Structure formats: structure tokens, C-alpha cells
Amino acid sequence: MKKQLQYTVNRIDLRGVTCPVNAVRVKQAVVALGDDELVEVILDAGESLIQAVRSINDAGFRIISSEQLDNAVAIIVGKARKIEGVG
Amino acid sequence: MSLSELDQAALGRVGMMRQVQPEYYVMRLKAVAGDLNVRQLACIAEVAELYGQGSVHLSTRQGVEIHYVHRDHLEKAKETLAAAGVEMGACGPRVRSIIACPGAETCRWGVIETKSLARELDARYFKQEMPSKFKLSVTGCSSNCTKANENDIGIRGAIEPFWEEANCTDCGLCVSFCPLGAISRRHSGEAENHGATYLIDEEQCVNCTVCTSLCPSNAWVAGRKGYTVFIGGTMGRNPRFGSVLKKIVESEEEVYALVDASIGYFREHGLKKERFGHMIDRIGLEKIREEIVEKAAAIHGEPD
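Going down the list, the sequences are from chains A and B. Under our numbering, the residue at position 72 of the first sequence is numbered 72, and the numbers go up by one with no gaps. Under our numbering, the residue at position 219 of the second sequence is numbered 219, and the numbers go up by one with no gaps.
Hint data in this document are derived by calculation from the structure and do not stem from the laboratory. Computed from a predicted structure; not experimentally measured. None of the hints are false.
Chain B is faced by these chain A residues, among others (derived, beta-carbon under 10 Å): (1) R54; (2) I56; (3) V73.
Chain A is nowhere near these chain B residues, computed Cβ spacing over 10 Å in every case: (4) A82; (5) A84; (6) M88; (7) K127; (8) K247.
Beta carbons: idealized from backbone N, C-alpha and C, even for Gly.
Assemble the whole structure, with the sequences as input and the hints as a guide.
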């Protein structure tokens, strides 16, 4: 259910990185984004994903889409709460 | 009656258990929902220093035990504790201290106010005589920190998730993060983001709050909120997980009616030293569930 995005998408793979380090890495990546950039984050499924999503929501970042992989999930995250044309 | 005239069973009733060491006793103290204030803690420390060996043991039921109290000091120690508002716990075939997690007051996953519920259960049922030991637990959500289904009666906070289509951005994340895999996406429209429907399998759903807490667009909301009541859980020599008595109970009064009816049923049908869950297995869950729910409806004053 990945959407066609008009933005530059960076990618970080956090498989094997546990909480809270994965959430910190996501925050660092999102804060560093430019206005026309998004980041694709790959997280282990399960508790790791739950904790990271919680942190992303708490920080006010926007989750635009997600894709299930084998034992992992790729999510696309943006800095703004509202990004025109997506989500 | 002086202390010296009390037999072991009588001491047990007031939370004092004989140790392996002759003349020495364990003082089991009550801490409803695991809560004690600093004044009570200071008093417990003082009593442990004066009458015990200067240390305490934390029990699996969130209580405190003072070990190595000599028989001659039990009464004085009990009086000192009582003056600070520390009550004795329970042993033997009766309702034990009520345990609870912190619940909605402080926990972001919590659905119900566990502590006030535990205190009310304590006021209503603590130390009541039963055919066997009888444990109650209250836990705020399906994370089940205080293990509702390992107690004779367990009460667990629960929500029934509802999908608000208008809020959904079709990010699909809920399908991934639902711990039970109970959410699925059905795509019936022609284009992405149009015609997607998210469905929940009610049989698989454990009524936790992960979807309603984590959905980035608040598309999952709590449709109904309340308590799941479990009966017949026990650990120990012959473990048995609790069975669901009712999946969503929406009022606190109905919870008490269900507990009243369950306790009443156990008192009437339970054999001496038989745990509630083993009685359920002996008689049959469906029959018991039906009778308890019917009785509770009569107590509660509403048809089920």
C-alpha cells in the first residue's frame, strides 16, 4: 500500500536495533529532513515497531504509509503533521 | 482472647504464619494494589528492625512480609503497624490481598482506574471465608501486568476498537502493529487510498489499546470501553488459566455483581480446598458461566 510520493525519500534500516535506540535514530533522521524530504524507516515487527511508532507520534511526526516485509515493517515518515498531497 | 490462646489457624486468619524456625513467625502485611505511603513504609522498617531481622520480603501479591518475628512480639508489632495504618494480610481459605497495576491514572495503555477498583474490591471482599484461597487481580489493559487470568477472579481493562473511516489515511500501519494480527485491510476501490476498508476480527482481538493509541490519524477509536472479567485462574501445583466470564462489562456496578455471583457460586458448590478454577472444570464452564451471569443480572437489576 505504498503511495506514489513526489518527495525525496531517504532510507534507514533499523532492523536489529532495539528500543529506545531505534526511536532515537528515527527522531534524528526526521529532524534532519528538508521540507521536500521524507524518510523510509525499516523496523523489526512486534514490540520494536510499537515503541518506535509511539515515539514518532509523541514527537508530532507524520507517518504517511507503511509496507509489511518479512518480520519487519517499512514506514515512511515526514516531519510535518500535514504534507500536501500525501496522507 | 490473648495471643497465646490463639491457634495456628487463628494466626493465619490475621496474616501470621509459623516459620520453619520454632517460635518465629512471618507477618504478612496488606498493601492493596501494592500501595503504601512513606509513613507506612517507615513504620514497617521500624517494626522489621525492632522485632524482625532488619529486612523485609516483598511478596508476589505486592505485599510486604516481615520475617523472624518472635511469637512474643507479634501482638506488639501488630499494634505498632496498625497505628500507622498498616493492616495485616490474609492466609488460608479466604480472599487474599487485591493486587493491581497502576492503571489509567499513570499508564498510557491503561483503560480503567485499577487502584480505586482494587480498593473497593478490598472493602467488599477482603478476608471473606471461602472454600479455598481466593485471589483477585485488577489490571488496566491487555498487557496484563497483574495477570488477571492467573487469579481466581481477574478484571482487565478492555476496549472494543471501532474504525472511523473518515479519519483513516490508509497508511496501513495498524495491520502491522496489531499484536494479535487481528486487523486486516480490504481494498475494493479502483485506486489506492479509495475504497480501503479496515476490519477487525473480534475473535482474535484481545481488546487492548495498541490500535487506538498508535493510529497516526485517530482512525481507530474506542467504540466501547470497560472490563473483561476472568474466572478460575490459578497457578501453583495445578495451574489453570482463567476463563472469560464476560468480554466487555461496561459498568463498575456490573463488575461487582459478577464478582458477588461468582463468590456466591463458589461458596455454594466449591469443595473444601478446591480452587475455583478446578471447581469450574469439575462442573463445566458453560453451565457455571450461564448461572453466574444470570445471577449477576438479577443482582445488578438489569437483564443481561
